[in-house]
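Asks: For chain D, the structure is supplied; the task is to place chain B on it using the hints.
Protein chains: 2
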Amino acid sequence: MSARSCWKYRVAEALTLHEDPRSGNCYKIKLTAAVLGVPLRVQVYDITKGETRTPEFLARINANGRIPVLQIEEGGETRFLPESHAACWYLAQGSQLIPSDRFAQADMVRWMCFEQYNHEPNVATLRYWLHILGEARLSDAQRLNITSKREAGIAALTLMEEHLAANAFFCGDAFTLADIALYAYTHVAGEGGFVLRDFPEIVAWIARVEAVPGFIPMF
Amino acid sequence: MSARSCWKYRVAEALTLHEDPRSGNCYKIKLTAAVLGVPLRVQVYDITKGETRTPEFLARINANGRIPVLQIEEGGETRFLPESHAACWYLAQGSQLIPSDRFAQADMVRWMCFEQYNHEPNVATLRYWLHILGEARLSDAQRLNITSKREAGIAALTLMEEHLAANAFFCGDAFTLADIALYAYTHVAGEGGFVLRDFPEIVAWIARVEAVPGFIPMF
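Chains D and B, in that order, give the protein sequences.
In the working numbering, each residue's number is its place in the first sequence (first place is 1) plus 17.
In the working numbering, each residue's number is its place in the second sequence (first place is 1) plus 17.
For reference, chain D alone in the conformation it holds in the complex (with noise of 0.2 angstroms):
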């Protein structure tokens, strides 16, 4: 059964993805609206541009200066979510994206706080310094930090393994938004130095997610 088979769009509003494509973080938005077939339109930034650092951007889009932000408008009004797990959640409301189990929604919240606090500054950071903003660029204390940061990726993509040994997806069974959350950054963690085939579950549920109905690659 697909996830968007108990779910009917609200097509009363119009969606914009305010993105760079090369985010991770922008992908898990766009995957998920792929997911539950919502049509969404995009705006393009460079952010290492700073083109999301701009006084209008600041000012009318997001005061934090980043991206993603899901621009939402709806009966005459339109308003802006920033962070991406918010912006999923905002779509997914309502569909089998977001378990309806007390202990199954906590746990998938848990996944994805894992992904932004273990995860995300680990092996998406060293993805965008090694691979968007290359070597050359870093500044010392970023350079001081690449060993402790593949420490911590390794660790939280340990972990990972560990847990898809057992399960089929994070919250057992169910392809929800935790798979969402963690695969953004996880298929593309070799272009931050990772080795995925260090970890063949990891590469076995990276399989999984992109046989869901709906899937849409990153590029």
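If you're looking for bench data, these hints aren't it; they were derived computationally from the structure.
For every residue, glycine included, the Cβ atom is placed at its ideal position computed from N, Cα and C.
There are no misleading hints in this set.
Below, a sample of chain D positions facing chain B; criterion: calculated Cβ distance under 7 angstroms:
1. Leu98
2. Glu100
3. Tyr134
Replies: Okay, now just chain B, sitting in the frame of chain D:
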């Protein structure tokens, strides 16, 4: 109207919080339980002595070696829920601490993500380094990161200050999990060297949080 007024706690389950009382992440859960009137046992660990990295803890409580973990016993089954926001989510489902409106609920998730990603790694980490560990025990990499974490922490507090100039709480007029998440480390930010009197809107919000029925202090 208090947060628990429309809500009934399920007395069939027994809850134990594995915690270090100095941790704001643990306090978030105790504050959520107190506001909701939910009884919570605690089991105390000293994180600076490695008590959450023992083989027993890693095998039984949390393979990630971190607290808080909420232990839930119900119908002969014992389950463990790591991550502070996941435990708060578990406790608060169905209560007024989680808005039922679609946008408001996603906006609450937004502030909880902001806390995890922009606030806690700066405001809470400097408090841990300078107040709990002590500067003499820091590594060279940690020392080199103090300035950037100070700047990022001030940026997070400034964003909160601007939001609170127009809102009583983080999701408008409603006291929610977003306020609990952000209160935990903000009200002790002085222990990390941040100067709260520079943020009068935050100071006024702290007083509003402390006036919520059921509020308990961190210490």
